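Peer 1: Here is how the chains run, residue by residue.
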Amino acid sequence: MSVFMPNQDFQSEPGVAAGLDTLIAELYQKSKGEELGLTRQEFDAVLGEIARKYLPADAAHHDIRELYTSLRSEELALARACAAGHEHAWVVFLTRYREKLYDIAGYITKESSTARELADSIYAELYGTTTRDGQRTSKLASYTGRGSLEGWLRTVMVQEHVNRYRRQRRLVSLDEEKEEGSQFATPATEAAIAVDPRVEAATDEVLVALPPEDRYVLASYFLDERTLAEIARTLGVHESTISRKVDKLAKSLRKQILAALGRRGMSRRQAQEALEVDVRDLRVNIRSRLAQEKGGGAFSKKKAEAPADGS
Amino acid sequence: MATVEDHPDPNLLGAFVEKSLAQGEQLRVLEHLSRCTSCREIVSLTATQPGLGDAVSVAPGRAGWLSWPVLRWGAAMACIVVVGTVVTLRQQRESRQIEATILEQKPEKQISALSSPPAKAAEETTTGAAKPTVTRQMARATRPAENHAAAAPSPLEMADAGVGSRFAEVPGRAKAAESQDAQSIKAAGNTAQVETSGAAVVPLVSTNLPPRWTLSSDGTLERSRDSGRSWQTIQVADNTIFRALAANGLEIWVGGAAGALFHSSDAGQHWTQVRPVANGEALGDDIIGVEFADTLHGKVTTSVQGIWITADAGQSWQKQ
Chain W
1 MSVFMPNQDF QSEPGVAAGL DTLIAELYQK SKGEELGLTR QEFDAVLGEI ARKYLPADAA
61 HHDIRELYTS LRSEELALAR ACAAGHEHAW VVFLTRYREK LYDIAGYITK ESSTARELAD
121 SIYAELYGTT TRDGQRTSKL ASYTGRGSLE GWLRTVMVQE HVNRYRRQRR LVSLDEEKEE
181 GSQFATPATE AAIAVDPRVE AATDEVLVAL PPEDRYVLAS YFLDERTLAE IARTLGVHES
241 TISRKVDKLA KSLRKQILAA LGRRGMSRRQ AQEALEVDVR DLRVNIRSRL AQEKGGGAFS
301 KKKAEAPADG S
Chain L
1001 MATVEDHPDP NLLGAFVEKS LAQGEQLRVL EHLSRCTSCR EIVSLTATQP GLGDAVSVAP
1061 GRAGWLSWPV LRWGAAMACI VVVGTVVTLR QQRESRQIEA TILEQKPEKQ ISALSSPPAK
1121 AAEETTTGAA KPTVTRQMAR ATRPAENHAA AAPSPLEMAD AGVGSRFAEV PGRAKAAESQ
1181 DAQSIKAAGN TAQVETSGAA VVPLVSTNLP PRWTLSSDGT LERSRDSGRS WQTIQVADNT
1241 IFRALAANGL EIWVGGAAGA LFHSSDAGQH WTQVRPVANG EALGDDIIGV EFADTLHGKV
1301 TTSVQGIWIT ADAGQSWQKQ
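Sequence lines, in order, name chains W and L. FYI, this note's numbering numbers position 70 of the first sequence as 70, with every residue one higher than the one before it. FYI, this note's numbering numbers position 6 of the second sequence as 1006, with every residue one higher than the one before it.
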């Protein structure tokens, strides 16, 4: 029973260990792991791995309990039973998710042949074509049950699609580049525009102080050029809420930057003039401050790929 | 745990989209997303896929105490509690009003019975007064094990028996009262002298519907508080078979074998045995009919075609 305990100290407390053991027994029963071919020991090992991944070594008992309780135990058992190669589990998985895999791929790629290619590729990874230490490794072994298995599959497929797109962009031929005219494109002039350092500093100060959600909305709307509906759906709120938030943020940012400029020795008139003159430059500034990675377009041309599984 | 420097894995990104992460974790992922274009790209593409609602809706995310679902359910529960409390209080108030009505109808009788000890009452009956005397000993709710003999209950006990013990069925003390009845019956000329004795206090079920009364085939009195859907046996007297019933509002009369005649003036809460005596003759035949046109005027028919009439609610009788 020690594998699911990230903190060795807990093992010395019989009551705590017994409490977790009871919880894990309930989760195992709920997961129907036995029917899928997953043994209790394997299930324990999976939970231990998840606890070590998401919790610090000195995590409190209630944190472990909370984490275990929040897991999608049934889908976790199914994924891990598939990863372990249990045939019945694969039958269940394919029955539930095979069609969905192709549907998701179709939505992401918007093109049937590419969609089939993406789905087949993901399916191969799920089944486990790669080997590690002579063992077949299934991508399903990285599913941890934090969200639904379907949600995880969607994310994995999107990630794979983004990576493919970026690889494809890097491998673009000279002829294609010539056709697109990118070799004759005007070099970026953003850095050439001189901006008052005080404006940059004031903008930095204000942006750093923004709550994460506000920064996310600003970045998604102004940098990624997402629609209000897309941002709203990601955050689980109504489109009008995002619309109001963007409007309010723009006004609030201007006020706060003016105030910050005032603190840096500018008069109000000077601050207003600085903002009016440098509106485009200020936007450039926001872009550089908000974005961790520069690069426009739907998918960044930056060399770093999207985070790989488990990174 | 993923930091701003480390990209969250697909598990966390998928769970973020489904809102199934704990609040702190959700915030940390959002913090990362606000600075990471790549992850924003993935999350945005994942979140905008059709059919995601199914997965999101079943996410076991932890909600804050002030989140809307909690408020909605809390409001619903509060409404239920308020309505339930109002209904309960209203029922209790109506029940008390019924009790008050019952008690108001016979305050004098109760007070006289309560204030005079049984011995004094018996003494009064043996004085041979020309005017008929009526001694009503109101029996109170008591358990068989209790040995309070014929002591009259205190007003507090009466209130308790009338209100507090409405749901407790307890046998009466007919035996204790009978010995006094034997001493107190006395004829006086043509005027009947009636001795009444205490009987059982029957349970009173608190409802708002007017009770219905009936006699079962085996001669027991039954009452219904739910318009006849269910019937409750009312214990009036032990081993007595009743064949005649007259119910008029709160006034209930039941008659049966060997001249057994019982009267309740409080809708069956308390019962008093009435022993009609006319011209020195006590009613001993089986009663087959009881009729009361109003509270005072009644007629009792016996199995031998004897007719006993009262014009004062059973205090004096005449035989025809």
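Hints listed in this document are in silico derivations from the structure and should not be mistaken for laboratory results. Since the model is a prediction, treat every value here as computed from it, not as a measurement. There's no promise every hint is true.
[Claimed, not checked] Reference excerpt, derived from the structure (chain L facing chain W, CB under 10 angstroms, subset only): (1) L1030; (2) R1040; (3) P1050; (4) V1082; (5) V1086; (6) T1088.
[As the list claims (entries may be wrong)] Simulated restraints, written as ranges between beta carbons of each label pair: (7) L/R1212 <-> W/E74: 50 to 58 angstroms; (8) L/R1096 <-> W/T241: 49 to 57 angstroms; (9) W/D21 <-> L/R1096: 50 to 58 angstroms; (10) L/M1077 <-> W/E74: 45 to 53 angstroms; (11) L/V1082 <-> W/R244: 44 to 52 angstroms; (12) W/S252 <-> L/A1075: 29 to 37 angstroms; (13) L/W1073 <-> W/D204: 43 to 51 angstroms.
Backbone N, C-alpha and C fix where the C-beta goes; we use that ideal spot for every residue, glycine too.
Peer 1: Can the suggested window of 50 to 58 angstroms be confirmed for the beta-carbon pair L/R1212 and W/E74?
Peer 2: holds, 57 angstroms
Peer 1: Do the Cβ positions of W/D21 and L/R1096 conform to the proposed distance bound of 50 to 58 angstroms?
Peer 2: holds, 56 angstroms
Peer 1: Could you check if L/V1082 really has its C-beta closer than 10 angstroms to a C-beta on chain W?
Peer 2: violated, 31 angstroms
Peer 1: At the C-beta level, are L/W1073 and W/D204 separated by a distance inside 43 to 51 angstroms?
Peer 2: holds, 44 angstroms
Peer 1: Regarding L/R1096 and W/T241, is the given constraint of 49 to 57 angstroms on their beta-carbon distance met?
Peer 2: holds, 53 angstroms
Peer 1: Could you check if L/L1030 really has its C-beta closer than 10 angstroms to a C-beta on chain W?
Peer 2: Cβ of L/L1030 sits 4 angstroms from chain W, so the hint holds.
Peer 1: Does the hinted range 44 to 52 angstroms hold for L/V1082 and W/R244 at CB?
Peer 2: Between L/V1082 and W/R244, where Cβ atoms are some 35 angstroms apart, the hint is violated.
Peer 1: Minimum Cβ distance from L/V1086 to chain W below 10 angstroms?
Peer 2: Interface hint status for L/V1086: violated (37 angstroms vs cutoff 10 angstroms).
Peer 1: Do the beta carbons of W/S252 and L/A1075 sit within 29 to 37 angstroms of each other?
Peer 2: Given range 29 to 37 angstroms: holds, Cβ gap about 33 angstroms.
Peer 1: In this structure, is the beta-carbon distance linking L/M1077 and W/E74 contained in 45 to 53 angstroms?
Peer 2: violated, 30 angstroms
Peer 1: L/T1088 was flagged as interface toward chain W. Is the shortest Cβ-Cβ separation under 10 angstroms?
Peer 2: L/T1088 check fails; min Cβ-Cβ to chain W is 37 angstroms, beyond 10 angstroms.
Peer 1: Per the CB criterion, is L/R1040 less than 10 angstroms away from chain W?
Peer 2: Holds, because the Cβ-Cβ distance from L/R1040 to chain W comes to roughly 6 angstroms (cut-off 10 angstroms).
The structure fails to meet hints 4, 5, 6, 10 and 11 from the earlier list, while all remaining hints are met.
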